[in-house]
Structure formats: structure tokens, C-alpha cells
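Student: For reference, the chains in residue letters:
Number of protein chains: 2
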Amino acid sequence: MTNDEIRPVYFLSDSTGITAETLGNTLLTQFPANNFDRITVPFITTAEQARTVVGTIDKLVATGPRPIVFSTAVSSDIRQAIATCQGIIVDLIGTHVGQLEEALGSPASAEPGRAHGLGNAERYQSRMAAVEYAMEHDDGQSLRALEKAQVILVAPSRCGKTPTTMYLALQHGIFAANFPLVDEDFQREGLPRPLRPFVEKCFGLSSNPLRLSQIRTERRRGSPYASLRQCGFELRSAEQLYVSHRIPYLNSATVSVEEMAATILQRMNLKH
Amino acid sequence: MTNDEIRPVYFLSDSTGITAETLGNTLLTQFPANNFDRITVPFITTAEQARTVVGTIDKLVATGPRPIVFSTAVSSDIRQAIATCQGIIVDLIGTHVGQLEEALGSPASAEPGRAHGLGNAERYQSRMAAVEYAMEHDDGQSLRALEKAQVILVAPSRCGKTPTTMYLALQHGIFAANFPLVDEDFQREGLPRPLRPFVEKCFGLSSNPLRLSQIRTERRRGSPYASLRQCGFELRSAEQLYVSHRIPYLNSATVSVEEMAATILQRMNLKH
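Chains V and C, in that order, are what the protein sequence lines are. Numbered according to the numbering used here, the first sequence spans residues 498 to 769. Numbered according to the numbering used here, the second sequence spans residues 498 to 769.
Source of the hints: derived by calculation from the structure; they are not laboratory data. There could be a bad hint or two in this list.
[What the hints assert, rightly or not] With a straight-line Cα cutoff of 25 Å, these simulated PhoX-like cross-link-like pairs (lysine-lysine) come out:
#1 Lys556/C <-> Lys645/C
#2 Lys768/V <-> Lys556/C
#3 Lys768/V <-> Lys645/V
#4 Lys768/C <-> Lys556/V
[As the list claims (entries may be wrong)] Computed footprint of chain C on chain V, listed as stretches where at least three residues anywhere in the stretch have a Cβ under 8 Å from a Cβ of chain C:
#5 522-534
#6 559-573
#7 591-602
Even for Gly, the Cβ is constructed at its ideal location relative to N, Cα and C.
Taking the hints into account, I'd like the entire structure generated from these sequences.
Tutor: Dropping the structure here:
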């Protein structure tokens, strides 16, 4: 086959499918020349359901490129049903469970994956509380509760504060607030007053003037706010502020929220 | 060793560590009798950095239970450095890449994992736009833009609309709005007016009266709003509304946002 053909990729799971998608997609990024059509089938809880999906996939084997099947099913009857599939089966659990059983000297529980269930109820509740906190403290709203924040993201408008805050909350249960830097913050001396007691918790975001101007233009075309000159001024002023108060910062122009979150956790030494 | 001992678990990555944490934690849930102390080391980009981490882990081998090391490093020199570690090495990439190389008939790129980078810029921008949309349309704010929503989560207060909306946006790039059901919606006939043109896009959330009353009590102790009676009334009324308008729904009391999101994607046939 040529690489122009579209190869189906199935993510099969007895739970949400998140784990299968995550590792499966990581592996697929190693084969950038291929075109893939991704289908997630979550909540396969019986061998019969598994056989139905296998039937669908086997029909595709006859007519096009052999589908790739990433599976994270845990129960042995479901895994056996999936193993009969004529696609390229990549068993993401079975391969490693055996190794861990041997090393830990105890058998795996073979319960369906609960990694993305309620699991540890306390940890789950704290993640939900963090989301609520992030919603309530977005963009400098209700500054009173900054003392509860584990980290305060500081940046000019549209540098990625909101999605990064939300990601830290939802994925990692981190209480993250954010604080927008505006012109008057750059005209005054020192840190903006609400941040002064919490400088140790501040993490700055910056961007590139051109990129920031593009993003702001989508929102308010032709405004002074979106001008390259204003964006350059704000970013220079913000970086000066970060440096003079020893606030760690990163440029958000070329990294994803996931990468920003991982960097912030590491630099701020936050335990999640 | 006994299972009371705390075994260190390392997630090593040349990128964010998200993939290593996701599959690693899924595997660990199969061994519930053990106590684990989790440490993520992201952004290992040189063999020297890898050797430093290996040195830290090898010191632990001498003094306690053998650490488990989940690795998603892609480049061969980093993988070789990690392979020298005396912990229990679980190589989540290498194991499967070989299988895919053979099946696809092409070599892996061996570029560091970009699954959680900007990757597909268009897809990334659409996720960020979805987060912005979710922030702006939380809790029935600005109903005007409901026609842009791919799904509208409908539920009484505190049934999990907001975090589920945010998860759908941030992880899956789904444009999700949400609409709170209040007493006056139950007193009138039919669907709330703003939802009527969009009944096909509605998905309902329910809960258990006791659970909902507990959650509301945390927010407003002793209020009529938090009473078991009021919670029971709202949930019964909401479920009647869902059933009579054929709106699919689920009970959020015992499932996680990840499970809700996966169910909603599947039931509403949303492509992400």
C-alpha cells in the first residue's frame, strides 16, 4: 500500500478510552508519513460487545489497509475476544502487566481500568474544587482568595493564562488563579498591589509580539489593543516586571497548554 | 518486602510526561494492594539529564523497595541511558514501536514525543477556541451563541455541568455550552424557551438527591436550595423533562468527568 491511503485506527477500552488514545496517539506521532482515521470505542464491558467491534474491524481488513487496534481492555475474556481480530493488535495493558506482576510478586487485579473513574474520591473532589476555583478566579476576578492559590499566572491579555489555569485545575487538581497585567500596572512602580504578598507564587507568561497581535486581531481587528506596537510594549514591560521580581516565566507562543502546565509544575515544584 | 512499604514510581519523559503518567497510572490501578510514591520527571532532553535521574533512582534501589520506572523517551541515546537503571524499567514506547514499524513497513521517526505539543496547529487552536467558548457560555451566560454549540449540557445546579463542559472543550475541542435548570423551568410547560431550537443537541445530567444535597450544603449550608426535598424535586422534574423530550441523560453521582465526557461523545456521536 502507499502512504496516501487512510488507515483506520481503533482505540478499544473497557473504560473511557483515554489511556488507549493517549499512548496510541503518542505512538502514531512516530509515523508521521501515514494518514490515520481514528475511532474510539469506549465502555466495552462484555466479550459479546468486543466480538461485535472485532466483526466491524475484520470487515475493513478485507477492503483496505489493515487497521491498527490499540487496546487497554483488562478482563481476560474481553482481551481474548480482541486478540482474535485480524487488525494489527497493540495490547497496551497485557504487555506490561505481566512484567509488573513478576517484579511486584503479586497478580494484577484484572478489574476494568479505573484510572479515569472516581478512583480516589478525595483526589477527585479536590480536582473538581480546583476547577471551580479556577472559574471563579479567572482574569483577576475576586482577588480576595489569592491566598488560596498554589500558583498565580500573571500575563498580559491573551497570552494563554485561562486555558493553562484550567488545565492545571482539571488534570492536576492545582488551585491556580490568574492575574491580567494591564497598562496601568506598567505605569506604576513595582508589582501590582494584589500580587505583592504572593510574589513567591507568581509565574509569568509572555509571547511573541507578532503572535500576540494575531491572536488579539481575531478578537478586535484594527484596535490599538491588537496593534503590534501595543503588543510589543506590553510583552517587554511584562518581561521586565518578571525579571526584576525574579518571577519565573515562559514564552507561550510556541508551546501547548500541556507543555506549559508540565513546565509550571516542575519550576514551581508543585506536587500534584 | 511487605506491601506496607512505599515504592517509588518514576514517570520519565522527553516531553510533558502526560503519556507516561496516564498509562503508568492505569497499570498501577491493577495493583491496588501496593503503596506508591509518584514522581514525574518531564523534559529529559539529553542523555546526560537521563543519567542524572538514573543516578537518583539507583540510590533508592540500595535503600528500599525497587522503584518502578515508566519511560516514554523516544530518542535512542536517552532510552539507552534509562535502560541502565537498576529500577523496574517499563518502556512504554520501545515495546510497541517495533511492532508498529514491522506492521507499517516504515521506521519510526525517533523524534521526541510531540503528542502533547502544538502538533496539529489547527486542532490545537480549535481546542483553545472551545475553552474560550466554554468559559463564555458557562451556566447559561450569553444564550445567543447556543447555535454554535455542538452539545448543550442541561441540568439542575451542581450536577457537574461546568467541569464536564470544560473537559469536553480542553481535551476534545468540543464546543460545549451548558444550561442550568431552575424552578421556573419546571413550572412552565415544555422545554425552556432558549433550548427549543436545539433539543437535538441537548444532553441531560442528573444526580442522586442525597449526593446533590451534600454538594449543595458545602456551598450553602442549611439553605432551602441544599435541602434533600428541594434536590429530590429538581432531579425528578429534570428527569421527567429529559424523558418527555427524548433528551439522553446520565446520573453524574457515581461517575467522573472523564467518564461523563466519554459517554457524551459516544451517545451524541461527536467526532473529536
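Student: Tell me the numbers of any earlier hints that the structure contravenes, in ascending order.
Tutor: Violated hint (a single one): 1; every other hint is consistent with the structure.
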